[in-house]
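A.B. asks: Below, each chain spelled out in residue letters.
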Amino acid sequence: MKRRNLIKSLGLGLIGASHFPAWANNWSDKDLDFNNIEPSGVLSKFVDVTIPETNSPGAKSIGAHLYIQRILNDCYPTNFQKEINETAANINKAANTRFGKSFENLQNNEALDIIKSNATDTKNINFLKNLTIRAYTSSEYYLTTHKNYQMAPGFFHGCVEI
Amino acid sequence: MSNFNIDSKKKRTFDAIVIGSGISGGWAAKELCEKGLKTLVLERGRSVNHGEYPTTMMEPWEFDHLGQITKEMKDANPIASKCYAFQEDAAHFFVKDKEHPYIQELPFDWIRGYQTGGKSLMWARGTQRWSKYDFEGPERDGFDVHWPIGYEDLAPWYSHVEIFAGISGNKDGLEQLPDGEFLRPHEQSCVEKHFTDQMQKHYNGSRPVIIGRCAHLTDPQPIHYQQGRAKCQQRDLCQRGCPYGGYFSSNASTLPWAKMTGNLTMRNNSVAHSIIYDEKKQKAIGVKVIDTITKEEINYFAKIIFVNGATVNTNIVLLNSKSARFPNGLGNDNGLLGKYIHFHNFETGISAEYEGYLDKKTEGIRPNGSYIPRFRNVKKQETDFLRGYAAGFSASRMEVTNREGWGEELKNNLFEKKYGNWRVGSHFMGETIPKISNYVKLDETQTDDWGVPLVRINVAMDDNDRKMAQDFKEQLTEMYTLAGFTNIKTRERNAWNPGLDIHEMGGVIMGKDPKNSLLNEWNQLHHCKNVFVTDGACMTSSSTQNPSLTFMALTARAANHAVEEFRKGNL
Numbered sequence: 001m002k003r004r005n006l007i008k009s010l011g012l013g014l015i016g017a018s019h020f021p022a023w024a025n026n027w028s029d030k031d032l033d034f035n036n037i038e039p040s041g042v043l044s045k046f047v048d049v050t051i052p053e054t055n056s057p058g059a060k061s062i063g064a065h066l067y068i069q070r071i072l073n074d075c076y077p078t079n080f081q082k083e084i085n086e087t088a089a090n091i092n093k094a095a096n097t098r099f100g101k102s103f104e105n106l107q108n109n110e111a112l113d114i115i116k117s118n119a120t121d122t123k124n125i126n127f128l129k130n131l132t133i134r135a136y137t138s139s140e141y142y143l144t145t146h147k148n149y150q151m152a153p154g155f156f157h158g159c160v161e162i
Numbered sequence: 001m002s003n004f005n006i007d008s009k010k011k012r013t014f015d016a017i018v019i020g021s022g023i024s025g026g027w028a029a030k031e032l033c034e035k036g037l038k039t040l041v042l043e044r045g046r047s048v049n050h051g052e053y054p055t056t057m058m059e060p061w062e063f064d065h066l067g068q069i070t071k072e073m074k075d076a077n078p079i080a081s082k083c084y085a086f087q088e089d090a091a092h093f094f095v096k097d098k099e100h101p102y103i104q105e106l107p108f109d110w111i112r113g114y115q116t117g118g119k120s121l122m123w124a125r126g127t128q129r130w131s132k133y134d135f136e137g138p139e140r141d142g143f144d145v146h147w148p149i150g151y152e153d154l155a156p157w158y159s160h161v162e163i164f165a166g167i168s169g170n171k172d173g174l175e176q177l178p179d180g181e182f183l184r185p186h187e188q189s190c191v192e193k194h195f196t197d198q199m200q201k202h203y204n205g206s207r208p209v210i211i212g213r214c215a216h217l218t219d220p221q222p223i224h225y226q227q228g229r230a231k232c233q234q235r236d237l238c239q240r241g242c243p244y245g246g247y248f249s250s251n252a253s254t255l256p257w258a259k260m261t262g263n264l265t266m267r268n269n270s271v272a273h274s275i276i277y278d279e280k281k282q283k284a285i286g287v288k289v290i291d292t293i294t295k296e297e298i299n300y301f302a303k304i305i306f307v308n309g310a311t312v313n314t315n316i317v318l319l320n321s322k323s324a325r326f327p328n329g330l331g332n333d334n335g336l337l338g339k340y341i342h343f344h345n346f347e348t349g350i351s352a353e354y355e356g357y358l359d360k361k362t363e364g365i366r367p368n369g370s371y372i373p374r375f376r377n378v379k380k381q382e383t384d385f386l387r388g389y390a391a392g393f394s395a396s397r398m399e400v401t402n403r404e405g406w407g408e409e410l411k412n413n414l415f416e417k418k419y420g421n422w423r424v425g426s427h428f429m430g431e432t433i434p435k436i437s438n439y440v441k442l443d444e445t446q447t448d449d450w451g452v453p454l455v456r457i458n459v460a461m462d463d464n465d466r467k468m469a470q471d472f473k474e475q476l477t478e479m480y481t482l483a484g485f486t487n488i489k490t491r492e493r494n495a496w497n498p499g500l501d502i503h504e505m506g507g508v509i510m511g512k513d514p515k516n517s518l519l520n521e522w523n524q525l526h527h528c529k530n531v532f533v534t535d536g537a538c539m540t541s542s543s544t545q546n547p548s549l550t551f552m553a554l555t556a557r558a559a560n561h562a563v564e565e566f567r568k569g570n571l
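Which chain is which? The protein sequence lines are A and B, in order.
Quick note on the working numbering: the first sequence kicks off at 1 and runs consecutively.
Quick note on the working numbering: the second sequence kicks off at 1 and runs consecutively.
Calculated directly from the structure, the hints in this document are not laboratory data.
Even for Gly, the Cβ is constructed at its ideal location relative to N, Cα and C.
Some clues are possibly wrong.
To be verified - Lysine to aspartate or glutamate pairs mimicking EDC-like chemistry, simulated, CA-CA at most 20 angstroms apart:
1) A/Lys147 <-> B/Glu416
2) A/Lys147 <-> B/Asp333
3) A/Lys147 <-> B/Glu409
4) A/Lys129 <-> B/Glu409
5) B/Lys411 <-> A/Glu140
6) A/Lys129 <-> B/Glu416
7) A/Lys147 <-> B/Asp359
8) B/Lys418 <-> A/Glu161
9) A/Lys147 <-> B/Glu363
10) A/Lys129 <-> B/Glu408
11) A/Lys147 <-> B/Asp236
To be verified - Simulated DEER-style distance windows between Cβ atoms:
12) B/Ser437 <-> A/Thr145: 51 to 61 angstroms
13) B/Thr481 <-> A/Ala89: 46 to 56 angstroms
14) B/Ala460 <-> A/Met151: 55 to 65 angstroms
15) B/Glu72 <-> A/Ala89: 43 to 53 angstroms
16) A/Met151 <-> B/Gly569: 49 to 59 angstroms
17) B/Asp7 <-> A/Thr78: 56 to 66 angstroms
18) A/Thr122 <-> B/Ser437: 49 to 59 angstroms
19) A/Ser56 <-> B/Lys489: 31 to 41 angstroms
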């Protein structure tokens, strides 16, 4: 329940709690103790094929699946969590039917096929895709390598050439 | 034992007591302490010393939910979570709905910050002077109550607070928005400049668009370094508290300054229950305080009392200060205490795109925007509604995230550097008319955890507000069209209620006549002259400027008058 306590202390703004762990480094499966869709491995496979590892880090190595699990648990109502769990189950079922393997054991191209050919859970699949993008584009890797992110630029120029 | 009591009372006796440590209370403390008065500041919330900002150095990826508020937090705070700044990085500075209940006779989104510095930690930092047209407005337009002071009375005090607080701005030479003592202005973006030029051309100078004036140290002076503050780093993470003191807050500026004099005593976790009135002396002699942790009741004594609890709480303290002389609340002979609550109407906005300047973008971060001063009914009545509105204006160009595709295709799309059109937008800040029917009062039976009656809030918008909002939409649409903007969309904020502007004012208003006002031209209660009210509660009208700078100037002016009167033995 470390995670719950952390949220609580942030919510109450307790002075002294000035350093919070970076989520990408500190999350582990044992923190995720309820409504957990990750034991099926669907989520980590999903983010891995959505934004794959190439010569640069992909969504799985920046921890997008852990972020999605956390945000689903903490920011969305139970009925929606259930819906997402069902979508994960449907994806797994389709993998078994078509390839005789669980989704997490598919080749990346097979897994992408399953996601793209799904006609019943489009809304939830798009939701998971958008959360994957959000996690990826908020990561330290993406912001510092691709966006020239600076917390304190110290300047503003109103009109510069692109 | 009796000696002990005398000693104890002596320890609880000061020259002045200031209720509240927010933007105006901090100024009262600074001025009083600087002039040598032993001053006690009572703050109902917990202590937040400058620098104790737990999230201030957190990177975006370090937040548990990347900034999003949890469902638990949102469900528990249907009102606080309507505030734009109630997010994962700053929610700890906002009052939680359940902890401090109030009664809404009509919907009112009351946003509060109970800690050292109050809302000065999370404010939006817009700082514009009022002009003579603003002070003269209520008289010209036949409001019930007129200002007892004019621009000339406040101008030197605007300068006084601007120099110390550090206000960034451009000297625009506008009669309707007087220049101040400015630090280097921020730069307008290309499209903001374009809009300024187009408006100049089409309206012949009658609708200026300027860079915003804001409480940021763009070019810190020795007086700011002496406060321990440094140049604004342009992070625009201000609502978390600024470790550099780059923007003005009580925490970074006035309170440490007051402390350096050796005359400040700060007492946190101290709810001001009521002001103690002495029937024989015919003046206030102190404040009854409830310690929020021990629930102990303690009286503190002083010759001068400044009430700076923020508008609604200041009203509560005075309404709850009942005595034989003032059975309906301190200074409330006319029954108008708590009435004439007003605010700024923010219920609409507008956005659009601009397809020009596609070879240009902005770079860096600017904690500010451009500003459209009031142009309606400035010098004479021109429309079918009274008064007018100011508006923000900002134009920026973001990189667009291409979310198309899956797998490597998507990844490549995310790495692509591509800019969309310029996006422009304005928010509406409409003056509302102070009315006797907009009031706060105390509930007769229910109290809070500290025995203070719950407040009942009854504040409504009216036809004038709706007509004005409609005019904003029409005029801004015309202005945007003339500037060549496309995809113009006006926005209704249906969930918006008065209060969410966080500019609530009135209830203890200044006026010339004790028959229809509570305070005189020095912010003293007409009928209890050693009690001063200088926060939003004192405002006779709201005009259209962001109000905090005026609260600061009124406070500094009143505090210096209080010191003079104190020295003469008049208080």
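A.B. asks: Work down the list of hints and note, for each, if the structure agrees.
C.D. replies: Outcome of the hint check:
1. A/Lys147 <-> B/Glu416: Distance ~10 angstroms between A/Lys147 and B/Glu416 Cα, so the pair holds.
2. A/Lys147 <-> B/Asp333: 63 angstroms, violated
3. A/Lys147 <-> B/Glu409: This hinted pair holds, its Cα atoms lying about 19 angstroms apart.
4. A/Lys129 <-> B/Glu409: 14 angstroms, holds
5. B/Lys411 <-> A/Glu140: Between B/Lys411 and A/Glu140 the Cα gap is close to 16 angstroms, so the pair holds against 20 angstroms.
6. A/Lys129 <-> B/Glu416: 18 angstroms, holds
7. A/Lys147 <-> B/Asp359: Holds: A/Lys147 and B/Asp359 sit about 19 angstroms apart, inside 20 angstroms.
8. B/Lys418 <-> A/Glu161: 14 angstroms, holds
9. A/Lys147 <-> B/Glu363: 12 angstroms, holds
10. A/Lys129 <-> B/Glu408: Measuring from Cα to Cα gives roughly 14 angstroms; hence the hint holds.
11. A/Lys147 <-> B/Asp236: Roughly 17 angstroms between the alpha carbons, so the hint for A/Lys147 and B/Asp236 holds.
12. B/Ser437 <-> A/Thr145: 51 to 61 angstroms: 59 angstroms, holds
13. B/Thr481 <-> A/Ala89: 46 to 56 angstroms: Holds - the Cβ-Cβ distance for B/Thr481 and A/Ala89, about 52 angstroms, lies within 46 to 56 angstroms.
14. B/Ala460 <-> A/Met151: 55 to 65 angstroms: The hint (55 to 65 angstroms, Cβ to Cβ) is violated, given that B/Ala460 and A/Met151 are roughly 43 angstroms apart.
15. B/Glu72 <-> A/Ala89: 43 to 53 angstroms: Since the Cβ atoms of B/Glu72 and A/Ala89 sit about 26 angstroms apart, the hinted range of 43 to 53 angstroms is violated.
16. A/Met151 <-> B/Gly569: 49 to 59 angstroms: 54 angstroms, holds
17. B/Asp7 <-> A/Thr78: 56 to 66 angstroms: Since B/Asp7 and A/Thr78 have Cβ atoms about 60 angstroms apart, the given range 56 to 66 angstroms holds.
18. A/Thr122 <-> B/Ser437: 49 to 59 angstroms: 52 angstroms, holds
19. A/Ser56 <-> B/Lys489: 31 to 41 angstroms: 38 angstroms Cβ-Cβ, so the 31 to 41 angstroms window holds.
Of the numbered hints stated above, those contradicted by the structure are hints 2, 14 and 15, listed in ascending order.
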